[in-house]
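> Sequence:
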Amino acid sequence: MRMADRLSIEEGKVTVTTEEGCRLERPEAAIGEMFRRDLVPPINGTALPDGVKFVYWRAPLLLVVHQLPPHVRLLRWITDDSPSDYGPGTQYRNVRLSIPYAVTMAMYFYHGNRLCLADSNELYFRNEPLRSEEDRLGFPALLNISCIPAPRRMRSWICTQHLRRPGSADWCRQLQLLIDHTWNGAFNRSSERHEGQSMWGYSQGVHPDLHPVSRWEAATERSEAWALGVNWKPVPMCIRELVEEMFREQNAAARFCRSAGPPPTESLIARFLNFAQQKR
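In short: position in the sequence shown from 1, add 727, done, that's my numbering.
Hint data in this document are derived by calculation from the structure and do not stem from the laboratory.
Errors might be hidden in some of the hints.
What the hints assert, rightly or not - DMTMM-like mimics (lysine to aspartate or glutamate), calculated; alpha carbons at most 25 Å apart, straight line:
1) LYS780 / GLU971
2) LYS960 / GLU861
3) LYS780 / ASP808
My request is simple: use the sequences and hints to build the entire structure.
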């Protein structure tokens, strides 16, 4: 009878003996390093950027929750009489709008020893700063933030088709590029034409001074903190629930792309063998 795989820790060494008779030894610290890799995000000592409220690591995925404080922002907004809804020929004007706390959910995947921004990023509004994972969010009344129906929720999706991400940009720089892309682009009716609806349309009726955008401008002139008094359309999930749902969706999408079911669960011995071989 062949002996089963075996792992032992003695005298400062981890020893693995496989049923085929192969033997592998590593310092005891290696098994702690393996568990640490699973639990600690690979941000490589980088300081968290200002505004980052939560960081979640589910290898190989990293989800960063970033908060912008309330502010007044000048946006390029499509005109009512624009001959095009998006792209060449679209006409814009500058609008000055009161913005509440703006919460960006940025998803990364770990690939080739670096964190790369994924395409599953979302934006939300809130009238108070985030203090807890149990806090709730509101949907943002903005063009170009798309309503994407998911099986268990409505996604508030940021399109990053035209976001340029230099290969040299670390995860902090990629986060700033995403935020700049979200706010400094042109707000048009692309979401209506490609995804069916934007959060601007989804928020119709939330407040009498929100639509059309000229009413939002007038309200901002009266009070620059006006947006903090709007009852934004509520997200029926707290931060913690939303985070878990985003991870679930991303993992489901990855399995679908691989045309395979869930990966088999690895034993501790198999995991350590793989880890040790990668570290050679």
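> Could you run down the list of hints and mark each one as holding or not?
Checked hints:
A threshold of 25 Å between alpha carbons decides the hint, and for LYS780 with GLU971 the separation of about 16 Å falls inside it, so the pair holds. Restraint check for LYS960 and GLU861: satisfied, since their Cα atoms lie roughly 17 Å apart, inside the 25 Å limit. With a C-alpha separation of about 40 Å, the suggested pairing of LYS780 with ASP808 is violated against the 25 Å cut-off.
Violated hint for the displayed structure: number 3, the only one.
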